[in-house]
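Okay, here's what each chain looks like letter by letter:
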Amino acid sequence: MLFRHILLASHGTLGAIAAEDTALQICADNGMIDHLIVVPEFWQGMTGDDWLNNGVTRDQFRNYLQAELGREVDQQCERLHRKISASACTYSSLIQFGRPDQALLQCTKKQTYDLVVLGSPRPRRMSDLMALRSKMLTKQLMTAMQTAMLIAPHPK
Amino acid sequence: MIYTQKKPALLIMGLLMLAIWFGADTGLLNPVLTYLSSGKPYKYLNEISSLPLYFGVVAVVTGCWHWLGPHQEGQLDYYSSTIAGGMLILLITMLIRWFIAPQIEVVSVDFGLIGNTGKYIHELLGLNYVVLGIVAGIIIANVFKVPDWARNGVRLSRLGLKTGVILLGALYSAAELKNLGGLSIIMIGFFVLGSVGIVLWIGSRRNISNSMGGVLSAGMGVCGVSATVAVAPVVQAKPVEIAYTIGTILLWGVGCMFAFPIIGHLLDMSHVQFGAWAGTGILNSAQVAGAALAFQPDGIETLMVAEIFNITRVLILPVIVLWLAIWYVKREGTTSSGINVGHVIITKFPVFVLGFILMFALSTTGMFAPASHYQGKYFGNTPAQGFKQENLLNSEQTEQLHAEIIGIDKNEHRVAVSRLIENGKIMTIEDDNAIRSIIKTGTLSDEAIAILSAAHDAVRHTARKIEAFRQWITWLFAFGLVGLGMQITVSSMKQAGGEPAIIGGIVGFIKAALSLIVVVLLIGETV
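In order, the protein sequence lines correspond to chains L and U. Note that the first sequence covers residues 3 to 158 in our numbering. Note that the second sequence covers residues 2 to 528 in our numbering.
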């Protein structure tokens, strides 16, 4: 069975790349894949505890971090755009800031999808330097999700 | 963007503050205050009878303006919007300092002393208003979330801490600053450079990236999150590396803030020893202040030592930034686009340290207390100088001293005690110094030492301006730390992990353990 409109959540971790491959396999020809990438909300609180620096240093850091996060998001979008464009599917990106599970729910409320695809959580003791501790697959998501969801297995 | 939110929250907080003041002023709160002080005079009576009135009026007036007034974009809107968050922190600090911490003390005392430590649970665990305030801040931020109307003002806590450090400058004597400064330069120099070096070395052995090693070494070595923020752009750290580093530092810092005071009490450390240890061993500078106040909640001697170490750390920061910038350029093999030393030093220089130095300079002119005063205190044994007649020794106390005078070795010490017995109070500053020496040597019985200590305290008075400074400093730090607690998120701490957590754990532990050994072996009770 193939799907015409898929929402794919990916921020480039090993689990997310597995989800990308799965989405490509089950996307119908000329189907659409919307790529959701979330900048987690914890970044907002990352510098809260810094009080010794002056405003110049803090602004410099904030601008630097914002630029770096933006660059990473752009890189991921470009990479996935190329990957999806190489198949017969169409790519579009959705960039959000906030809690990953809530961002995903918000997308499914705004737009109707045939399927939502995401990677499975990273197994314990498996290091992945791209990964942050910001779960998308929460209990809240599972109970509130109204669209069919496919969780790609984590690559061994 | 308009920052001020049309909410009644500030007005309600103002009314709550006024209700507290009214209750204290009219005696309505007396049964509660008597219960909280276990029958003794309630120690915060002066504060509770004045502070909620002043701040309550400000909160009610600005609260009405916030709720009902028209707001327009601009500087006035931005700065006025911070009042709500600031008042929220202040109200939480008031409630914890005046009601919650004393309640915990009552419960803890009911449990009785713990083993042969001679201390109650709240003393051992450091459960005082500072620690409870930080915990309250963390709980509010992570369980209830900081309300939108308070978000802007919560950042004011930084200003509170910096102002507290500036005011502290007025309390040091030149000799103290010289000795503490020298000690901190040696300790911080050794441990900061040592930790930065160890992190870089372990990092290269474990093949972590140069940017990760650079940002982690600064965070672990110098002053935690502040150093990470300063160094990250210089070593071009990736966001995930910044997240791991800050997560590790926060987790360690919060852990140390609770663990250090407990260890300090168990080892019976002096204020100087604990201040030096916390100032060196705790990774994050905010938690250094928190631990110092948690160790000594009703005084600022420990904080004074710890803050000198904090200031030394932050002064070293530009040097570390330069070092890591050069190191990074070399390791990456890129041609330097030119590291502007002057620019780095100017942009990273902590301006508030100039305020601290200015306050110290002003205090040396005798502006806050006459030059004859030592550490803001002066000798006075007449009612006009502040001596209270009820502090004269009674016959039982003079008999006790009389019985033990034979055990005093030095003649001048014996003479001082004889004069004390004869007059019922210490007569001269020289006698006072001799009595202090007897107390320190501890050769007499506990009862006699207690009598001598009381006699010494009776003739030492704190200058009024200095006393006011002490009060303000305590409040500014308490305010700042509650606010900082409200900015520590569990989701940030959860980012601790991977190689940075392992390296950070090893270096953090080595630094804390080694600095403890150095402090216990080499630093005395005073400097």
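Some clues are possibly wrong.
Below, computed lysine-lysine pairings styled on BS3-like, alpha-carbon distance capped at 30 angstroms [said to hold, decoys possible]:
hint, chain 1, residue 1, chain 2, residue 2
1, L, Lys85, U, Lys331
2, L, Lys158, U, Lys7
3, U, Lys495, L, Lys137
4, L, Lys112, U, Lys389
5, L, Lys137, U, Lys426
6, U, Lys389, U, Lys441
7, U, Lys426, U, Lys41
8, L, Lys158, U, Lys331
9, U, Lys389, U, Lys239
10, U, Lys41, U, Lys7
It should be emphasised that the hints constitute simulated quantities derived from the structure, not laboratory data. Since this is a predicted model, take the numbers as computed values, not measurements.
Would the pair lysine 158 (chain L) and lysine 331 (chain U) pass a check requiring their Cα atoms to be no farther apart than 30 angstroms?
-> Violated. Lysine 158 (chain L) to lysine 331 (chain U) sits at ~37 angstroms, over the 30 angstroms cutoff.
Do the alpha carbons of lysine 85 (chain L) and lysine 331 (chain U) lie within 30 angstroms of each other, as the hint requires?
-> violated (36 angstroms)
CA of lysine 389 (chain U) to CA of lysine 239 (chain U), is that 30 angstroms or under?
-> violated (64 angstroms)
For the pair supplied as a hint, lysine 389 (chain U) and lysine 441 (chain U), is the alpha-carbon distance within the 30 angstroms limit?
-> Roughly 24 angstroms between the alpha carbons, so the hint for lysine 389 (chain U) and lysine 441 (chain U) holds.
Straight-line Cα separation of lysine 41 (chain U) and lysine 7 (chain U) no greater than 30 angstroms?
-> The hint is violated at about 44 angstroms.
Restraint check for lysine 158 (chain L) with lysine 7 (chain U), where alpha carbons must lie at most 30 angstroms apart = Between lysine 158 (chain L) and lysine 7 (chain U) the Cα gap is close to 54 angstroms, so the pair fails against 30 angstroms, i.e. violated.
Holds or violated: are the alpha carbons of lysine 137 (chain L) and lysine 426 (chain U) at most 30 angstroms from each other?
-> Cα-Cα ~69 angstroms, so violated.
If you draw a straight line from the CA of lysine 426 (chain U) to the CA of lysine 41 (chain U), is it 30 angstroms or shorter?
-> holds (25 angstroms)
Measure nothing beyond the straight line between the CA atoms of lysine 495 (chain U) and lysine 137 (chain L); if it is 30 angstroms or shorter, mark the hint as holding.
-> holds (11 angstroms)
Is lysine 112 (chain L) close enough to lysine 389 (chain U), meaning Cα to Cα at most 30 angstroms?
-> violated (76 angstroms)
Hints 1, 2, 4, 5, 8, 9, 10 from the list above are not met by this structure, while the remaining hints are.
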